[in-house]
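Engineer: Spelled out from the first residue to the last, the chains are:
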Amino acid sequence: MRRLLKSKIFIVALVVVVILALAVASSREGSGIRALGNIISVPISPLQSVISFMSKRVADIFDYFKDVRITKAENEELLRRISELEKENRELERLKRENKELRDALNFLNQMESFEPIGCTIIAKDPGNWFEVFTINRGSKDGIELNAPVITAYGLVGRVSEVDLFTSKVVSIIDMDSTVAARLSRSRDVMIVRGDASLRSSGLCRMDYISPDVDIIPGDIVETSGLGGIYPKGIIIGQVKEVIRNEGQFDSYAIIAPVVDFKRLEEVIVLKEKP
Amino acid sequence: MSNEEKKHKGLDRYIVLVVFILAISVVIVYNLANIQLVNGAYYMEQSISRISTQGYIYPKRGDIFDRNGIPIAGSRMGYCVQYVDVDMTPQDKNAMFLDLISLLEKNGRSFKSRLTDYIDINPVRFKTDKTESFISTIVVNKEDAQYLITADQVFRYMRDKTFAIDPSYTDEEAFKIMKLRYEVLVNRPTIQNPLIIADDIPALAMAEIEERSSYFRGFSTFVKPYRVYYNAELVSHVLGYVGYISQEQYEKLSKEYPDKYYTQSDIVGIMGIESAAEPLLRGVSGLISKEVDESGRTTAFTIERPPVPGNKVYLTIDLELQKVALESLKRNIEVIRKKPDKKNHGDANAGAVVVMDVKSGEILAMVSYPDYDPAVFLTDDNDAKAAILEQAGYPMWNRATQGTYAPGSTYKPLVAIAALESGTITPNTLIYCPYKEEVGGMPFTNLEGHQGHIALTKALATSSNMFFYKVGVMTGIDNIVKWAKEFGLAQNTGIEISESIGRIASKEYKKTYLNEDWYPANTAMAAIGQLYNSFTPVQLVNYIASIANGGKRYTPHLIKMAVSPEGKIVYEAPNDYYEIPVKPSTIEAVKAGMVAVTHRNDGTAASVFRDFPFTVAGKTGTSETGREDRKESSNGLFVCYAPYDDPQIAIVVVVEHGVWGSWTAPIAKDIMMAYFKLNEAEKTTHAQTIEIIW
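Chains as they are written, first to last, in the numbering used here: chain A, 1 to 275; chain B, 1 to 694.
The shape of chain A in the complex, shown without the other chains (with noise of 0.2 Å):
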């Protein structure tokens, strides 16, 4: 037995079956492993910020030797944007404010008293150029539940789709796996919002729905509705970009134009229920 033990390839076997059983097990889900899954995850979440750092810089590099030029001119196109940006950060300071007193108005803090924003870092993401799925770093001890709205000051980003000890996972709205009961924030209609195959790709979403009676043209804000029984009522999607009439269909929908960027998104708040 003990010459078993020592002997080098019984114990790489092992650790191979073990591996191997504890790949099959996790991989079915609410399995008890689950919690296996967190004492790994645990030390490993700032490996994986590192990482997901890493995987960024190396896609970068890639990007880079694939099209120099490109990178090169969008370059010079950015320093100029980053002037720009800054007057427009001011505008958007003042914006802010504005939002913020109009949010007042609406009584729109009042409806969110019930609930406890929580602050969340985003540590890693699925590949691809948009946040559609991610990880954040709190979870269950943290007191994150499945389904929780994520927000950021501007708007709807999305659900909490997996919750671990100490992560959770977002499916934000432009995800195929999104649906938000939505509606137009001057009309009662219900429509939905969901993430769409092409529109994806360019951060945008679809909302389907439209009644040929409804009144809709672009520039409307689309808000969370509150009937679907997981988005609490006016939290803002955002824009109507474009109303496309099916030739001859009875309903239309539209392209939304999400107020959050989901090109660019590092923190991001959840809201938890609060008991």
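Do not rely on the hints blindly, as some may be mistaken.
[Said to hold, decoys possible] Covered stretches of chain B (in silico footprint by chain A; criterion: 3 or more residues with CB under 8 Å from a CB of chain A, positions within the stretch not fixed):
{"#": "1", "segment": "54-65"}
{"#": "2", "segment": "76-87"}
{"#": "3", "segment": "301-310"}
{"#": "4", "segment": "570-576"}
[To be verified] Restraint-style ranges between C-beta atoms, simulated for each label pair:
{"#": "5", "chain 1": "B", "residue 1": "Asn141", "chain 2": "A", "residue 2": "Glu116", "range": "49 to 55 Å"}
{"#": "6", "chain 1": "B", "residue 1": "Thr190", "chain 2": "A", "residue 2": "Arg188", "range": "48 to 54 Å"}
{"#": "7", "chain 1": "B", "residue 1": "Leu22", "chain 2": "A", "residue 2": "Val50", "range": "22 to 28 Å"}
{"#": "8", "chain 1": "A", "residue 1": "Val12", "chain 2": "B", "residue 2": "Ile303", "range": "56 to 62 Å"}
{"#": "9", "chain 1": "A", "residue 1": "Ile221", "chain 2": "B", "residue 2": "Glu233", "range": "38 to 44 Å"}
{"#": "10", "chain 1": "B", "residue 1": "Asp160", "chain 2": "A", "residue 2": "Ile19", "range": "37 to 43 Å"}
To be clear, the hints were calculated from the coordinates, so they are not data collected in a lab.
Each residue gets a CB set at the ideal place from its N, CA and C atoms; glycine is no exception.
Following the hints, position chain B against chain A.
Structural biologist: Frame of chain A; chain B shown alone:
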């Protein structure tokens, strides 16, 4: 080999190994980076399972308006829920199904399952004798069937074995789960063939199913247009209603209109204009190619064939006039019931009114009472539907086109035409009309008493039976039948909605249906609109209109025109007519008699139209139902047209058990007042008078 050499060779091997491993590592890292970072998004896209399928896009059914553009029928958007089976543990599926059913119930909807055709709970019992095939569908192993005898055994077996429902659920909860699981078991819904869970659910239920879509796996919603009615209760029999297509309708319509692409889940017209104008209203269904995820939710789509909305249909009906006619009919039926008269048994309970434009054949109002609200047939309220079907007086039956009534004295103008055209009499021929006389070998009495020698005008004004007994026999039944046919009686009028033919008292009829020979006395009875004569109100109005317009027989119609979604007129009612070969002098003589009905002091409807500002030509009719001795009142009829010198509209009023024809004339008067806006005119003259006084 020296030690040195051996060492050297070992080092060599070591270097080779390191280089080899490094090379492999570089390849692996390169490929990993390529997969994960460079093409990550692309592979992610590829990895999401996609299934291609096709679906129909329901076209918007055409709107229906009255002649002035007042909406009668339109469309609204509604939501449906469907299910495709997904791979889940029974525990999770049961919990999800119960949550979905609770959600529907919370929103006032239920899930209809065929399981309830076989078994029920509280108490658990079979609802059918044929349990064998049912049991065979729910057993997990064939052999198990032999142990399942009582309803309770079957229920327990389904609960524990077939559907593995957790013991923590109550039997009621378990039964709800079973109902849905049974339908899924029987239908095996796939992406190509989803199971419709609920139709036309409230927006609130749709919002919750959609927002919680990651939980409600396999469930998805879709929208389609639903019919909505406005003011439909005013035009119930004209409008009809829509409903789900039947198998026969589907086969018939898809064969007849293959380019409209009917589907077996379509909503089509069942009765009235909805059914008659189906080809105009339907539109063309579209076809969509889509990629769906495992739950059947669309992730991408292309429209293969865009749907084409149906045409807008404008009726000839004037909704305002229709309302006046309906309300007047209802009100006067109540009045008639309470009128004291020894012949009144207070049983007036039904009737019909038709108003026609004599210059075009357009039906301006068509009322049948009792009526119903067609909007009930758009709901799934089966109790309300059953209540209509079981209500006394058959409210769904359109008396205006399907009811046949003995015309009574309203037939007399037609007999007069036959007599004049055959040269039997002239307008001035005097006929001796005593109280009693034998006509055609049978003794007849004159209801109007002894009248002496009278001519046609007085005979029509007083509705002299003796005059028409005698003139009828003189003219002969064949001549009368010939002219009745010329005026479209007992023949299809060609109106769009379903109609009865009615029947005419003739030698052929008596021979064919009774196998009896015709006697001259039969002609006498037929000449006063009795015997086998039975016509629909729409035939009667068409006959009166043809007299009014001097012998033009139009096709009575309800559809004025149809307009495509682009605004192009795609259908217009033909304005052609059949020229009846009748002499103008004949028409003039009959008209003079009809105007005397309302304007001579001895006219049968004179009291109703006294002080009327223009001249109305009419004829009352009181037709015996043959059940007067069983305490049933006779039917009351009134036909008329106006104005006398420039006829515009013709009206027929029938009140079942209306006792006397003249009692129904006030309904025609109300309609004329509304049509010619007499009330308003009165008001303005009144206002003018006040102005002058002041």
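Engineer: The structure should be examined with respect to each hint, and the outcome stated for every one.
Structural biologist: Hint check results:
1. 54-65: holds (count 4)
2. 76-87: holds (count 3)
3. 301-310: Check passed, 5 qualifying residues.
4. 570-576: Per the Cβ count (0), the hint is violated.
5. Asn141/B <-> Glu116/A: 49 to 55 Å: Holds - the Cβ-Cβ distance for Asn141/B and Glu116/A, about 54 Å, lies within 49 to 55 Å.
6. Thr190/B <-> Arg188/A: 48 to 54 Å: 36 Å, violated
7. Leu22/B <-> Val50/A: 22 to 28 Å: Given range 22 to 28 Å: holds, Cβ gap about 23 Å.
8. Val12/A <-> Ile303/B: 56 to 62 Å: Since the Cβ atoms of Val12/A and Ile303/B sit about 58 Å apart, the hinted range of 56 to 62 Å holds.
9. Ile221/A <-> Glu233/B: 38 to 44 Å: 41 Å, holds
10. Asp160/B <-> Ile19/A: 37 to 43 Å: 39 Å, holds
Checked against the numbered hints listed earlier, the structure breaks hints 4 and 6; every other hint is satisfied.
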